[in-house]
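Whole structure, please, built from the sequences with the hints as guidance.
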Amino acid sequence: MTITVPPLQATDTASHPARMREVQKFARRFLRNPLGVAGLAILLLLVLAAALAPLLAGHDPYLPDLAGRLAPPGATHWFGTDELGRDIFTRILYGARLTLLIVGLVVVTSAPLGLVIGAAAGTAGGFADAAFMRLTDVFLAVPKLMLALAFVAALGPGIVNAALAITLTSWPPYARLARAEALVVRDSDYVNAIRLAGGSELRIIFLHVIPMCISSVIVRMTLDMAGIILTAAGLGFIGLGAQPPLPEWGAMISTGRKFIFDQWWVATIPGCAIFIVSLGFNLLGDAMRDLLDPHLRRRA
Amino acid sequence: MQSVSSSRLAGIVGRLFALLASVLVTLLGLLALTFFIGRLVPIDPVISIIGPKAGEEVYRRVFLELGLDRPLWEQFLLYVARIARGDFGTSFVTNRAVLYDLASFFPATLELATLGLAIGVVTGVPAGVAAAYWHDRWPDYLIRLVGLVGYSVPIFWLGLVGLLVFYSRLDWVSGPGQIDVFYQGIVPPVTGSMLFDAALAGEWEVLANAFSHMVLPAFLLGYYSLAYISRMTRSMMLDQLSREYVLTARLKGASEFTVVMGHALRNAAIPLVTVIALSYGGLLEGSVLVETVFAWPGIGNYIASSLFRADVNAVLGGTVLVGAVFIFLNMLSDLLYQMLDPRSNLRHR
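Protein chains in written order, with our numbering: chain A, 1 to 300; chain B, 1 to 349.
Derived by calculation from the structure, the hints in this document are not laboratory data.
A couple of the hints might just be wrong.
Said to hold, decoys possible - If you want the footprint, here are the derived chain A segments under chain B, 3+ residues with CB under 8 Å:
{"hint": "1", "segment": "128 to 139"}
{"hint": "2", "segment": "142 to 155"}
{"hint": "3", "segment": "260 to 268"}
As the list claims (entries may be wrong) - Distance ranges between label pairs, derived from CB positions:
{"hint": "4", "chain 1": "A", "residue 1": "LEU183", "chain 2": "B", "residue 2": "ALA269", "range": "27 to 35 Å"}
{"hint": "5", "chain 1": "B", "residue 1": "LEU332", "chain 2": "A", "residue 2": "ALA38", "range": "34 to 42 Å"}
{"hint": "6", "chain 1": "B", "residue 1": "LEU332", "chain 2": "A", "residue 2": "ASP187", "range": "35 to 43 Å"}
{"hint": "7", "chain 1": "A", "residue 1": "PHE127", "chain 2": "B", "residue 2": "ASN95", "range": "40 to 48 Å"}
This one's a predicted model, so the numbers in the text were calculated from it and none came from an experiment.
The beta-carbon is built from N, C-alpha and C at its ideal position, and this holds for glycine as well.
Structure, rendered in structure tokens:
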């Protein structure tokens, strides 16, 4: 089954400038929200750090230097070194890649999975819908971190398994979203017109239900990303996420924990990185919600 | 009159049954989930019981005893029956029944989470009310900032920083653990909560020590729930304060205090019950990380250390317990909602 993207009429000369104006208007409104801009700046910084890590870092993230272990922050090692003498600044930069990897993996899997399940259940209705609702109820009734822990316990530790476990716990809200939209659209006149014209249910789901959910999904996704980062870091901290010597921030805190009272920088600096990035996602998410979700604006 | 109240009673009973049924279905779903996860585990359950050196004959017998030759749905029913009897299997690590372990570790978690929730409610609700009242002025910005930080900060890291500052540097509180080694075993465990036990035994020195161990993790969890509770309170209060009845109350000359506390907060309090119940569940979850940091002998610590040794029975048992508590809290908040909201008596679903 191939997922076809709804044809954008980008070549259409009349709609192109209108679309551009729409984007410009959106950008202007976004720029008026300083917190959202700050969040976006943090995330751009994260992407830059990940992309340019080899250029920005002056050291090797994996190569131990036992003579210079646990050195305090200074001119050669901006954030000090860890228990194997590795430069913490370098490892933070490389860790940005892992953070983006986990967030990316979870987002590209959980949102489409939830959207397809929810849209299908909502469009189909009947027993499938009822069974699906119960299923999401169960997932939503169990605490996310607990469930992710149980999944990781079963799948074994590792960065991909951690992402998979987080995915398995984070699709239900997207499914709920898509289902609610599907229920509204399902019997609307234009969808019935498509049915009359011979459009398949699949066509309705992919071309007419899912596109309707995109703006709420983007908001939800941005707000979710902070949670994903915190959960992934928590898994890394417990020792079930990324495994050493990978410079995953949560795992770095976990090893630095042994030195917290004497060499505070080993554990605290990666934590600052996690905090700043998840703050960035939260700021951006709040701003996006205010812009894209008019229903929520009053309650925000 | 008589018939009205009896039909109302029938309605209440009917709703209770519907609620109970939905809770049971959700619980069954939870068990299906843990059963499924248990099947995912690449460890052979027979070998984990008899060890890798046992002979073919023994393997065969245990394989049949565990019902592994039956169809999957039958195995699931057996599993549900086992759980219903309270048989969560044996922990590979402690070599005790998982149920026994859970029962002995749960009180410490409950103690911590309850204190955390109390702190969260006592600070979060007034903060949310204040933020809504001074909407878009500096108290609002300040409270939102505090909440945003609480949402974004990794709680285990904050715990480490707290230990570094308040225990190691300032020496204001005691370090990890529930009590100093010196005081261990002085008070007989009655409730499992160190604070209660010490107070019951009249050991005030022990109580003070236990308290100083508890302050930091409890405030950490309290902050965690403060972020959520203040945010939800704020948005509910904003919603209520924009209603017309608030304007009416003001026009009639009610004082601002009466308007906010007597009218708006009373209406916001009903959905707030749900928020508080949910954040209690969230604290049980957050305790996994916090207890790891503070070496708190609770269920979170138990689960984390079991995870480390791939002790599946213990992990799944803990998941079932925490999940069941979650579901129970949800049910409780539903019930409270219906009892508190006068409109829900009239509404038929």
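Against the structure, the hints:
no.	hint	verdict
1	128 to 139	holds (count 5)
2	142 to 155	holds (count 13)
3	260 to 268	holds (count 5)
4	A:LEU183 <-> B:ALA269: 27 to 35 Å	holds (31 Å)
5	B:LEU332 <-> A:ALA38: 34 to 42 Å	holds (40 Å)
6	B:LEU332 <-> A:ASP187: 35 to 43 Å	holds (37 Å)
7	A:PHE127 <-> B:ASN95: 40 to 48 Å	holds (45 Å)
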